[in-house]
Structures are given as structure tokens and as C-alpha cells.
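> Heads up: the sequence shown begins at 0 in numbering that gives the first Met the number 0, then just goes up one per residue.
Since the hints were derived computationally from the structure, they do not count as laboratory data.
Predicted model only: the values in this text are computed from it and were never measured.
For each residue, glycine too, the CB sits at the ideal point set by N, CA and C.
Warning: the hint list may mix true and false statements.
Calculated cross-link-like contacts (lysine to aspartate or glutamate; reagent style EDC-like; alpha-carbon spacing at most 16 Å) [what the hints assert, rightly or not]:
| no. | residue 1 | residue 2 |
| --- | --- | --- |
| 1 | LYS290 | GLU259 |
| 2 | LYS515 | GLU429 |
| 3 | LYS290 | GLU459 |
| 4 | LYS380 | GLU429 |
| 5 | LYS385 | GLU414 |
| 6 | LYS527 | GLU410 |
| 7 | LYS472 | GLU513 |
The calculated label-pair distances, taken between Cβ atoms and stated as ranges, are [as the list claims (entries may be wrong)]:
| no. | residue 1 | residue 2 | range |
| --- | --- | --- | --- |
| 8 | GLU255 | ALA128 | 22 to 30 Å |
| 9 | THR511 | GLU379 | 17 to 25 Å |
| 10 | LEU200 | ILE324 | 30 to 38 Å |
| 11 | SER446 | GLY480 | 46 to 54 Å |
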Amino acid sequence: MPLRFRDLNPSALSPMMQQYYAIKESYADCVLLFRLGDFYEAFFDDALIASEVLEIALTSRDCGLEERAPMCGVPFHAFKPYVARLVEAGHKVAICEQVEDPAQAKGIVRREVTEVITAGTVCDPDQLAEDRNHYLLAVYCEGPVYALAAVELISGQFFALDFSNRFAEREVLDAILRYQAHEVLANAAFFDSPLAKHPALQNLGFSLRPDSDFDASQYPELLAKGDRLTIEAQTALKSAAALLSYIILTRKAVPEHLSELQFIEEKRYMLLSENSRRNLELFETLRDKKKHGSLLSVLDHCKTAAGKRLLRQWLERPLLDIDEIRARSTTVAYLKSAFITRMNLREALAGLYDIERLVGKLALNRSNPRDLLALAQSLEKIPALKHCLSEAAALPTYLKEILESLSELPELRDELQRAIDEDAPIQITEGGLIRDGYHQQIDHFRSISRNAQGFLRALEESERDQTGIKTLKISYNRVFGYYIEVSRANAKLVPEHYERKQTLANAERYFTPELKKLEDEIRGAEGKIAALEYECFIVLRELAGKHIRLLQHNAKLLATLDVLQSLAEIASIANYVEAELSSDSSLEITAGRHPVVERLQSRQRFIANDSHFDNDSERMILLTGPNMSGKSTYM
Numbered sequence: 000m001p002l003r004f005r006d007l008n009p010s011a012l013s014p015m016m017q018q019y020y021a022i023k024e025s026y027a028d029c030v031l032l033f034r035l036g037d038f039y040e041a042f043f044d045d046a047l048i049a050s051e052v053l054e055i056a057l058t059s060r061d062c063g064l065e066e067r068a069p070m071c072g073v074p075f076h077a078f079k080p081y082v083a084r085l086v087e088a089g090h091k092v093a094i095c096e097q098v099e100d101p102a103q104a105k106g107i108v109r110r111e112v113t114e115v116i117t118a119g120t121v122c123d124p125d126q127l128a129e130d131r132n133h134y135l136l137a138v139y140c141e142g143p144v145y146a147l148a149a150v151e152l153i154s155g156q157f158f159a160l161d162f163s164n165r166f167a168e169r170e171v172l173d174a175i176l177r178y179q180a181h182e183v184l185a186n187a188a189f190f191d192s193p194l195a196k197h198p199a200l201q202n203l204g205f206s207l208r209p210d211s212d213f214d215a216s217q218y219p220e221l222l223a224k225g226d227r228l229t230i231e232a233q234t235a236l237k238s239a240a241a242l243l244s245y246i247i248l249t250r251k252a253v254p255e256h257l258s259e260l261q262f263i264e265e266k267r268y269m270l271l272s273e274n275s276r277r278n279l280e281l282f283e284t285l286r287d288k289k290k291h292g293s294l295l296s297v298l299d300h301c302k303t304a305a306g307k308r309l310l311r312q313w314l315e316r317p318l319l320d321i322d323e324i325r326a327r328s329t330t331v332a333y334l335k336s337a338f339i340t341r342m343n344l345r346e347a348l349a350g351l352y353d354i355e356r357l358v359g360k361l362a363l364n365r366s367n368p369r370d371l372l373a374l375a376q377s378l379e380k381i382p383a384l385k386h387c388l389s390e391a392a393a394l395p396t397y398l399k400e401i402l403e404s405l406s407e408l409p410e411l412r413d414e415l416q417r418a419i420d421e422d423a424p425i426q427i428t429e430g431g432l433i434r435d436g437y438h439q440q441i442d443h444f445r446s447i448s449r450n451a452q453g454f455l456r457a458l459e460e461s462e463r464d465q466t467g468i469k470t471l472k473i474s475y476n477r478v479f480g481y482y483i484e485v486s487r488a489n490a491k492l493v494p495e496h497y498e499r500k501q502t503l504a505n506a507e508r509y510f511t512p513e514l515k516k517l518e519d520e521i522r523g524a525e526g527k528i529a530a531l532e533y534e535c536f537i538v539l540r541e542l543a544g545k546h547i548r549l550l551q552h553n554a555k556l557l558a559t560l561d562v563l564q565s566l567a568e569i570a571s572i573a574n575y576v577e578a579e580l581s582s583d584s585s586l587e588i589t590a591g592r593h594p595v596v597e598r599l600q601s602r603q604r605f606i607a608n609d610s611h612f613d614n615d616s617e618r619m620i621l622l623t624g625p626n627m628s629g630k631s632t633y634m
């Protein structure tokens, strides 16, 4: 039977295992990955879990007891896929790092948990679907009152839902399902509520959080609006507080790019139940759960990942305000008719990187050189987009606001492009990040590294000329390093400043301050290059970090522009027309076509249908006919 954590006597453990024990006690509900040199190791119960989930060999290690500790590990430079598999299997993962240089440590290297990765706090874009958001939710229950808040760490979206009507319980259920959260935080009262027992919620990852996490007063700056809100919205602040508490627990700090808490009034949007969304096949088909055959598949002509996510959000929450609907509709109609402008926009948007998620990585200090270069290349596209809009005639207000609000940030763009090597690696500590010509010291050490033999030959020739010793040579070996070798026959010509390094049978070996300096530079050049490049990269990352809010605003504007052109593109392809909007209760459709069925028709022409409804004499239609007669299509 393997040694289990609960059976340990910490005082009998080896010093390093005592350190492990103390850290693991604070993260008992996590799989702790403990950094040892080039590996993250799991011990005891965590090793048993990791070995099974990751399908890696289980070994053992001396822990100070008679029985050895179960152990398994993964390489630190490639740990992300392993963490992803553990999280997908339902585990929380605590990353414990060495937080001091092992070469300078006295005794045991100091270690700390630097982050906890859970299903709802994943913020590595490689582990996230690019076309949908990845939310962490918190739901608070107090008697009949519910409140819900959501955050997406990678984008910084942070909002609360204001349930201020009598359908709150139903709305909360639909909201939880709509956001498809991978993790939901809840207080104890929620678990005792009828809603918690709803069948649709049984497979979601709920986590019980203490009531203290829901105390909004502990975040006076981040949740400062509380005194100006309705009672319902003030309750929503408690859910928002739980999210902040959890972020601090898992990330150790609230990331800079987290937006100011936004309040979404659900009454502004059409209430679509989960059943309605599913049966309408808005995002996936009922039969095979695929995007193809859904309304989203027809409308999605977006050129960017952020645009795809925003289009999905618009479909999830249809607007009710006629002025807001008209603003979108008018813009789509304009872009449909402005063929050249639309084509230019689509060309300029193509290849645009996911600025929203790049900014998230920047704020979370996860950016690598390729991320900064992608950010610069995305900024490089903005002038073309603005030029495209500025050249268009009679822009609608929606597009004018986008044109005026987009920031080019030319200084940041130029600095990043001038600094980051286009072939830079992902790792930030191994060199190769910075372009030649950008940093004088880096260029100097690169020159030394690349031209070491040339420098040595030049020094050798110089020493021969100065001493008159034609057979003088500069050589190297692993034991003594670089040296000047002079035959015994020429010993009388050796200058006084030469220092003896080694005596041989037929020669003497010397060094000079100049040779020693050159040796130090050659042998340390690679290390110095990597260190200087790392310092340079950190400066560049901090420079980009100063523009986080503007970059986030750009990302939002570009995603909006992408969705608008996408809707205009399908309107042009399918020859859709702009609806005439009114505030009365009548619905008049002439030659209406089902957008999905029509696109799926490959052999037959779709037969358009007319409809008329109002609140007076024509409130319903009794539609009859045999199967396969098209009843469902008409509906």
C-alpha cells in the first residue's frame, strides 16, 4: 500500500519534504506540482492521481521515513499540456515554484505556490476555444433573491447580472446555462435552494465558497459603485466579490486588465430559455451537436476569433431596444451596399491576431516575444482599416464612432517591431529574442560570441608584433582556459606584464589582463546575451502593459467591426433585406426564407413564404398538412 499524505508524521520527514508538507497542507484540495530543478514533481496521493491521469510512470523518492514517497514528474518547460489534462479531469492544480536562485540559496531553496489553475481560471489561449468565451461564474442566494456575476480571466470581462423581476430564478438558471461556465462558485444557501437541485445543473462544476468571500466591503475600490445601486444590484456585488476573492486565491493578485464591473440589465435583452436556444439550434444542431447546420454557421463570416466570440454573444442576448437594433441594422445595410468598403475591411481584418487574448496574456505576465510581435503586427493593420472607413462616403454613426475611437499606437508598434526578432522563440530566457542593431550591449556580446576566433587571432598578431616573438601563439584547453604559449628559447623576450600560468618541458604559458578580459567576455557572452535579452524583453512587455486599456478598447472595436461586416457579407450573399422596425405589435414578412434550411438546400429551390401577425385578429396560425410538407420550415 503506497504511503499516503494523511498518514505522515511531518517531524520525521526530511527537510525538503517538511517544506512540501507545509505547502501541501495549505492546498489540500489541489494536485500540487512541486518544482525540483528541471521538473515539477507530485508526491504521495497527488503522485497517484497524476500518474493515472497523465499516464506517466510512478516512481519513488526517499522522504526521511523507512518507506519511500510515491513520486512522478513532468518537465518544467513542457508542463502546460499535463496541467490541462489534470484540469480536464476535474482537478485543481497548484504550481509551486522555486522563488530564489538555487545557487545562492542557503539550505532548502525557498518555494511558493505562484498560481492555482482550475476549470474556470484557465487563461492559456492554447487551452481555450477561440470562438467562445471561457467564464467563471459566482452565484449568490439569499432567500428568494439570486445574484450572478461572471469573469473571463483571459479577456478581463467582468460583469454582474441584475435580476430585478419576479422571474429571477428562471433567469438565473438560463444565465448559468447560457454562459456555459466550466466552474461556478456558490454560497451555502444556494446549495440549499430549489435551483441547485435542477437537473440541468447537476453536471456543472460547482464549488462551495465561504460566506466571507461574498463580502463586497473588502473591495472598496474595485466595487465602489455599491452605494449608488439598486438593492438587487447591491446583492450582485456579493457575487462579484466572490469572484475577486477566488482570483486572488488562485492568481495571487487581481490582474490589471480586469475591467470595471459592468452591470447587465437582463430586461434589455430577449429572454431565451435554454430549451429555446437548443430547439432553435442557434449554435449547434440537436442531432449531432455540431456547428454546421446551426444559425451561427450561416451568419459567421467573421475574419477574427474575437469577432466570432462577439457574434455568439449577440445571438445569445438579442436586443430589445428598438434604437439599438436600428443602429446595428442600419450599419449592416450600409456595409451590404458598400461592396468595395466591405471587401477592403475583410481584407484588412484577415490575419488580425486575437488582441483581446494577447492583452490578457500581457496583463497576466504570460506574454512571450511572439505575442508582442503579434500585437505589433495587429496594430500595423489599424491604419489600413481606418483609411478604408475614412474613404467611404456617408458613414453611419456606428462606423464613425469606430473610426474615431481606434488607436493606432504608432510608438508602441514601431518599438516592438524594431526590437523583437521575427524568428524569436517562445521561451524568454534562452536568447534569440532581440533584433541585431536594437541594443548596443547585446550587439557587442553577440559580436564577441560570433567572432571569438577572429578576436583571438587579432590579439595573437598584436602580441607577436609587440614582443617580436614570431612563434607566440594563443591557445585554449578546458582546464586552464585561454593562454599565451612561448617556447623556452624565446623566454627572454617575454614582457614583464605577462603572468605565468603553467610551465611545460619546452614552453611557458602566460596570460595578460587583456587576454583574461577577452576570455571572460567570450566564455560569458552567451549567458550575458540571454540575461540582457531577458531584461530588454521585460522592459518591452512593461511598455506594452502601459497601453492595456487602449488595446482592450481597440480589441472591442475591431471585434464589433468584424461582426458587422460578417452580417453584411451573408446579407449580400443570401440577398437579405433590412427590416423596417416599428414599435407596434404587427409582424409582416413578405417572401420569408429559413436562413439555415435554405443554405442546406443543395438540389431544390427554397419556397419563400409570407406571414402576417398582430395582436388583434391574427395572433396565431393553425398550420396543418402531412409530414415532409414543410410545416417546420414555415414555422
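> Evaluate each hint against the coordinates.
Here's how the hints hold up against the structure:
no.: 1; hint: LYS290 <-> GLU259; verdict: violated, 33 Å
no.: 2; hint: LYS515 <-> GLU429; verdict: violated, 26 Å
no.: 3; hint: LYS290 <-> GLU459; verdict: violated, 71 Å
no.: 4; hint: LYS380 <-> GLU429; verdict: violated, 30 Å
no.: 5; hint: LYS385 <-> GLU414; verdict: violated, 21 Å
no.: 6; hint: LYS527 <-> GLU410; verdict: violated, 28 Å
no.: 7; hint: LYS472 <-> GLU513; verdict: holds, 15 Å
no.: 8; hint: GLU255 <-> ALA128: 22 to 30 Å; verdict: holds, 25 Å
no.: 9; hint: THR511 <-> GLU379: 17 to 25 Å; verdict: violated, 51 Å
no.: 10; hint: LEU200 <-> ILE324: 30 to 38 Å; verdict: holds, 32 Å
no.: 11; hint: SER446 <-> GLY480: 46 to 54 Å; verdict: violated, 20 Å
Hint compliance for this structure: hints 1, 2, 3, 4, 5, 6, 9 and 11 are not met, and every other hint is.
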